[in-house]
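Top line first, the protein sequences correspond to chains A and B.
Residue 284 in the UniProt record's numbering sits at position 284 of the first sequence, and the numbers go up by one each step.
Residue 393 in the UniProt record's numbering sits at position 393 of the second sequence, and the numbers go up by one each step.
To be clear, the hints were calculated from the coordinates, so they are not data collected in a lab.
Worth double-checking, as some hints may not be accurate.
Identical chains share a label here; the pair holds if one copy fits it or two copies do between them.
The calculated lysine to aspartate or glutamate pairs, modelled on EDC-like cross-linking and capped at a C-alpha distance of 20 angstroms, are [claimed, not checked]:
1. 388 x 117
2. 3 x 139
3. 302 x 237
4. 198 x 247
5. 388 x 311
6. 53 x 265
7. 388 x 202
8. 391 x 316
9. 198 x 360
10. 195 x 299
The structure displayed is predicted, hence computed values, not measured ones.
2 protein chains.
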Amino acid sequence: MPKPTPLSGFPELLPAQRVVEREVIATLSRVFELHGFANIETRVVEPLDVLAKGGEIDKEIYVLQRLQAGPDQTAADATLGMHFDLTVPFSRYVLENSGHLEFPFRRFQVQPAWRGERPQEGRYRQFTQADIDIVGRDELGFHHDVEVVRVMVEALGALPLPPLTFCVNNRKLIQGFYRGLGIEDVTTAIRVIDKLDKLPAEVVAAQLVEQAGATEEQAQRCLELATIRVADTSFVERVRALGVTDELLETGLAELAAVVEGCADVVSDRVSVEVDLRIARGLDYYTGTVLEIFMAGYERLKSVGGGGRYDALASDGRTTYPGVGVSFGVSRTLLPLMADGVLAGSRPVPSAVLVALTDEESRPAAQRVATALRARGVACEVAPTPAKFGKQIRFAERRGIPYVWFSRRDPDGGEPDAAGALTHEVKDIRSGEQVAADPATWTPPPRTCERGS
Amino acid sequence: MPKPTPLSGFPELLPAQRVVEREVIATLSRVFELHGFANIETRVVEPLDVLAKGGEIDKEIYVLQRLQAGPDQTAADATLGMHFDLTVPFSRYVLENSGHLEFPFRRFQVQPAWRGERPQEGRYRQFTQADIDIVGRDELGFHHDVEVVRVMVEALGALPLPPLTFCVNNRKLIQGFYRGLGIEDVTTAIRVIDKLDKLPAEVVAAQLVEQAGATEEQAQRCLELATIRVADTSFVERVRALGVTDELLETGLAELAAVVEGCADVVSDRVSVEVDLRIARGLDYYTGTVLEIFMAGYERLKSVGGGGRYDALASDGRTTYPGVGVSFGVSRTLLPLMADGVLAGSRPVPSAVLVALTDEESRPAAQRVATALRARGVACEVAPTPAKFGKQIRFAERRGIPYVWFSRRDPDGGEPDAAGALTHEVKDIRSGEQVAADPATWTPPPRTCERGS
């Protein structure tokens with residue numbers, strides 16, 4: 001076939017970049033597991049009636065068809081779509097397997113999702129996400145809201161990323177405030193306020209009047225609320241100063257303050273938590289805590305993650321499963337950072353050592369050296385051909401392999417194949433230093449034997 | 001939504017089963033990396049002209065369509081299919097990125113693939129495979145054939161599976177034998193012989209006569225060749241005793257003997273390598289070494305893996321990329337073993353410790369205990385509610401968490417929140433043993449802190 005070209009919206013990584021992605025996923029997974037989250041994977045397809053809910057996302061759903069409908073074609077084939085996030089398949093998984101799960105069920109999931117949207121920086125048709133959620137049966141303590149935010153702050157704080165900010169809000173706070181203010185259509189008001197990052201304040205105010213039935217005065221107070229942004233619990237007094245009283249508002253204020261206080265010991269230079277009362281998240285199913293994650297210098301990507309509390313993540317009519325979770329956009333974050341050179345893979349191959357060949361006959365001896373090194377966890381490969389040593393060293397250099405191993409027949413003689421009859425040296429091709437080494441004991445200095453995952 | 005039911009052909013794992021799958025993938029990946037294989041992932045879709053080659057597989061290809069064609073719908077959307085193996089996307093990846101790869105390029109890839117075939121035991125519509133391949137530019141030394149087989153023998157030998165057999169053959173041996181024998185249509189003859197596991201020998205012999213233009217006598221000799229099955233290099237003499245001479249046959253004999261000899265030091269009770277001259281593998285692109293992997297007691301699954309040498313894995317018209325690789329069917333192997341209880345996950349959650357709560361006020365102190373344990377790599381979770389201790393212990397039991405941690409206010413008094421004012425005990429709920437413990441130093445005994453991955 002002719003040389004293929006990349007498919008727009010379906011980015012792929014070169015081996016050295018994939019090393020970075022794997023390290024990121026391994027780090028996230030390790031933190032999630034330390035907090036007792038179990039890993040699951042869901043199939044990539046769902047029945048269309050699970051996916052398509054009549055919303056904006058519907059037209060981005062990819063549907064599966066068989067290329068040629070054969071006798072094995074079943075009706076079900078025609079009604080499968082690929083998941084566009086990990087929340088929908090997870091809630092279906094919880095319902096389907098509820099009898100086999102212990103609640104509260106804590107899971108993490110790192111998988112791709114697919115959306116047929118127009119590709120742009122940070123937006124892809126296939127993209128990987130890392131999600132954590134805690135799901136209860138019938139009930140789920142509020143403290144889990146604090147917990148999932150803490151865990152994601154800790155996990156992302158372990159990654160080599162530009163500074164991140166978790167912008168947190170609470171739907172009860174907004175809803176209670178709007179209700180206490182006397183706005184009739186609270187749901188519409190939330191949807192309109194959510195456009196504040198795209199539209200000027202005056203336009204949003206006008207829409208609050210037109211679409212949510214607010215007065216000019218009410219619209220102004222909504223905007224005042226939405227401009228409160230602080231890194232501590234001082235928002236409580238500032239909201240109270242706006243003079244609205246409502247029971248739900250008080251609950252929201254208390255919950256939001258608890259999230260901020262609960263994260264105080266895990267925030268750092270790398271990850272901060274801020275109250276931002278403008279954050280609403282468009283999705284209707286959030287019912288309490290809501291958050292979006294932003295990356296310094298990459299505000300153009302909008303959020304790189306988000307999540308919140310949903311009192312009905314799933315329901316089968318008899319039982320309701322409340323949940324709280326946070327999703328992190330692995331592709332959305334890493335791909336722009338890689339494109340900008342902020343994140344770069346150090347080595348495209350896991351090998352720390354290339355075992356050089358004197359001639360083709362020395363391959364078995366070289367393999368024994370490699371086996372001895374691998375037995376102690378040193379990744380290595382034997383040279384593909386017995387080229388001149390200089391060429392073998394350049395081969396290692398191009399692959400990013402830091403050490404080259406040379407074995408020579410011992411001048412005292414003996415069989416070339418017998419390990420005892422060889423003398424060994426290992427060369428650090430970065431420094432040029434070459435020292436005697438024993439395949440049974442040598443390991444690369446810690447700094448240079450760092451591996452892919 | 002009503003309680004969903006599983007989708008036929010799209011199996012999913014419960015958390016404890018997923019632990020097993022992750023361990024298997026982690027073990028395979030570790031061995032592959034020790035041998036210098038770099039990991040890549042390819043997008044799940046390919047242009048249809050890359051996938052559909054007019055073969056049997058075509059009608060199993062899933063094609064992507066957008067649910068609603070919006071203004072963003074591009075012509076390309078309509079011509080994307082999901083990959084049905086990892087070889088086709090890999091060869092496309094090699095062509096597309098050849099300028100950025102160092103050859104011989106060694107990669108491993110663990111991803112799902114999709115086929116719209118009729119689901120049955122070991123055959124799924126979504127299934128995970130683990131592939132290793134070495135690809136050269138223009139040329140690739142034969143010793144890499146030996147290497148990939150060795151690496152896969154070593155990797156699979158590290159898994160807790162029933163005994164596996166690598167049945168190895170060489171297409172040059174078969175082709176040379178048929179040619180030396182005087183059979184005209186060698187390709188058809190290979191395809192017919194490949195049916196020996198499905199059809200009786202007489203039928204295969206008749207088809208060799210009818211379809212490949214063989215005489216009765218030639219067909220008989222083909223069958224004799226195909227019945228040779230030995231675990232050492234004695235096949236060389238047995239083939240020669242059949243009285244056929246051909247240059248290609250000699251090359252095939254030498255290569256196959258080299259594979260068997262080259263694996264002699266890595267085979268074990270768990271993984272053996274056998275010469276089986278019946279193995280042809282239907283696919284036309286194999287040109288030398290071919291192999292299939294079978295699992296003892298699971299012969300009904302047919303092979304659980306396979307691979308071989310292809311002199312033109314990929315070609316862009318100017319450059320040809322020969323390759324050799326082996327693929328292992330992760331889903332095909334693990335799912336039947338899990339269904340039979342041969343493989344079972346020990347713990348559905350990664351947590352080794354549940355930190356119990358005396359009351360809701362003790363949660364911050366419990367969180368500090370958890371943080372101290374996690375700092376030393378001990379996965380743990382704080383109890384969701386301050387239920388009676390017996391209930392908290394049963395909660396841990398149901399989740400498979402072996403230890404429960406209790407903190408009590410020190411009788412000497414002090415603030416309940418201050419870590420210094422608490423005494424701690426940890427209970428092994430399997431033995432009932434309960435001992436004093438310090439959150440800053442306690443770790444579970446090695447045997448019981450085994451973790452998911």
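For residue 195 and residue 299, with the copy left unspecified, which applies at a CA distance of at most 20 angstroms: within, between, both, or neither? Within one copy only: 16 angstroms inside, 60 angstroms across.
At most 20 angstroms between alpha carbons: which applies to residue 3 and residue 139, within, between, both or neither? between (56 angstroms within a copy, 19 angstroms between copies)
Quick one: residue 53 to residue 265, C-alpha cut-off 20 angstroms, is that within a copy, between copies, both, or neither? Cα proximity of residue 53 and residue 265: none, with 40 angstroms in one copy and 59 angstroms across.
20 angstroms Cα threshold - placement of residue 311 relative to residue 388: neither (68 angstroms within a copy, 26 angstroms between copies)
Quick one: residue 198 to residue 360, C-alpha cut-off 20 angstroms, is that within a copy, between copies, both, or neither? neither (66 angstroms within a copy, 42 angstroms between copies)
Could you figure out if residue 388 and residue 117 sit no more than 20 angstroms apart (CA to CA) within one copy, between two copies, both or neither? Answer is neither: 52 angstroms inside a copy and 51 angstroms across each miss the 20 angstroms cutoff.
Using 20 angstroms as the alpha-carbon threshold, which applies to residue 391 and residue 316: within, between, both, or neither? neither (66 angstroms within a copy, 27 angstroms between copies)
Pop the pair residue 388 and residue 202 into one bin, within, between, both or neither, using alpha-carbon distances up to 20 angstroms. neither (74 angstroms within a copy, 55 angstroms between copies)
Alpha-carbon proximity context of residue 198 and residue 247, limit 20 angstroms: Neither, since 31 angstroms and 74 angstroms both go past 20 angstroms.
My question is about residue 302 and residue 237: at a cut-off of 20 angstroms on alpha-carbon distance, are they close within one copy, between copies, both, or neither? neither (29 angstroms within a copy, 70 angstroms between copies)
Violated hints, listed in ascending order, are 1, 3, 4, 5, 6, 7, 8, 9; each of the other numbered hints is respected by the structure.
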